[in-house]
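Numbering follows my numbering, with no gaps: position 150 of the sequence shown is 150.
It is worth saying that the hints were derived from the structure and are not from the lab. Keep in mind that a hint or two might mislead.
What the hints assert, rightly or not - Computed list of lysine-lysine pairs in PhoX-like fashion (alpha-carbon distance at most 25 Å, straight line):
{"hint": "1", "residue 1": "K59", "residue 2": "K114"}
{"hint": "2", "residue 1": "K113", "residue 2": "K124"}
{"hint": "3", "residue 1": "K51", "residue 2": "K98"}
{"hint": "4", "residue 1": "K98", "residue 2": "K57"}
{"hint": "5", "residue 1": "K59", "residue 2": "K42"}
{"hint": "6", "residue 1": "K98", "residue 2": "K59"}
{"hint": "7", "residue 1": "K59", "residue 2": "K113"}
{"hint": "8", "residue 1": "K42", "residue 2": "K98"}
{"hint": "9", "residue 1": "K114", "residue 2": "K124"}
{"hint": "10", "residue 1": "K113", "residue 2": "K98"}
{"hint": "11", "residue 1": "K114", "residue 2": "K98"}
{"hint": "12", "residue 1": "K57", "residue 2": "K42"}
Remember, predicted model here, so these are calculated numbers, not experimental data.
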Amino acid sequence: ASTTTTSEKREIPFTFECPATHDEFLEILQGLSVEDSVIVTKRIRVLYHIKLAQENKAKLSQFLGVLVDHMAYVASTESPLPTQVLQDLGNHVFELAKQLPEPAAQVYNAKLKKMQSEMAKKMKHTGSAWPDVEDLTLLRSIGQIFSTSDLSHPIATPALLFMCHALAQCRIQTETDIGRGLFLTLLAHEV
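Please model the complete structure; the sequences and the hints are all you need to start from.
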């Protein structure tokens with residue numbers, strides 16, 4: 001970053017409204033670097049800690065979904081891929097998922113259903129049906145957040161089935177498809 005960019009960068013406030021949507025979170029992050037999203041996330045989690053107020057559980061449940069959306073957004077909009085930022089955001093999602101297992105399962109279940117539906121639509125038409133970088137990021141986070149050692153897990157098992165379905169059914173048409181297929185193979189191996 002140049003010195004002008006650094007001096008023009010806005011200060012990170014210490015308090016925020018807990019964002020209920022990804023758009024609200026993006027408004028908070030406006031003018032901040034992608035790395036600053038990790039600091040903002042930490043501050044929101046501290047401000048709205050579950051033990052501080054009864055309504056914070058509902059707020060953090062929504063924020064968990066916002067964070068999952070933000071991980072996908074960062075993966076699809078930042079180049080080169082900010083792996084450390086994604087790892088740090090993933091750690092926050094992991095910690096929230098431990099505190100809020102049911103909301104976490106609901107968030108990821110909805111994401112998996114959407115991925116499956118979109119892949120099925122893409123398969124009916126020509127072009128690549130492979131999961132995009134947003135979906136690959138979310139699939140990778142599932143293996144880091146949920147138990148993959150369970151014989152049958154409500155999130156990890158459907159995620160693995162989705163990956164296997166993609167590997168078995170999606171046609172390779174481009175070099176990008178090869179890369180996505182190799183990444184899915186690696187994820188399936190990790191799981």
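Under the criterion that the straight-line Cα-Cα distance not exceed 25 Å, is the pair K113, K98 satisfied?
holds, 22 Å
Is the Cα-Cα distance between K42 and K98 25 Å or less?
Holds, at about 16 Å.
Within 25 Å, alpha carbon to alpha carbon, are K114 and K98?
holds, 23 Å
With a cut-off of 25 Å on the C-alpha distance, tell me whether K59 and K114 pass.
This hinted pair holds, its Cα atoms lying about 23 Å apart.
When you check the alpha-carbon spacing of K113 and K124, does it fall within 25 Å?
holds, 17 Å
Would the pair K98 and K59 pass a check requiring their Cα atoms to be no farther apart than 25 Å?
At roughly 15 Å apart (the allowed maximum being 25 Å), K59 and K98 satisfy the hint.
Just to be careful, I want the Cα atoms of K59 and K42 compared with a cutoff of 25 Å; is the pair within it?
holds, 14 Å
For the pair supplied as a hint, K51 and K98, is the alpha-carbon distance within the 25 Å limit?
holds, 14 Å
Would you mind confirming whether the straight-line C-alpha gap from K59 to K113 stays at or under 25 Å?
Cα-Cα ~24 Å, so holds.
Starting from K114, check that the Cα of K124 is at most 25 Å away, please.
holds, 16 Å
Against the 25 Å threshold, does the CA-CA distance of K98 and K57 hold or violate the hint?
holds, 12 Å
Within 25 Å, alpha carbon to alpha carbon, are K57 and K42?
holds, 16 Å
Of the hints listed earlier, there is not a single one the structure fails to meet.
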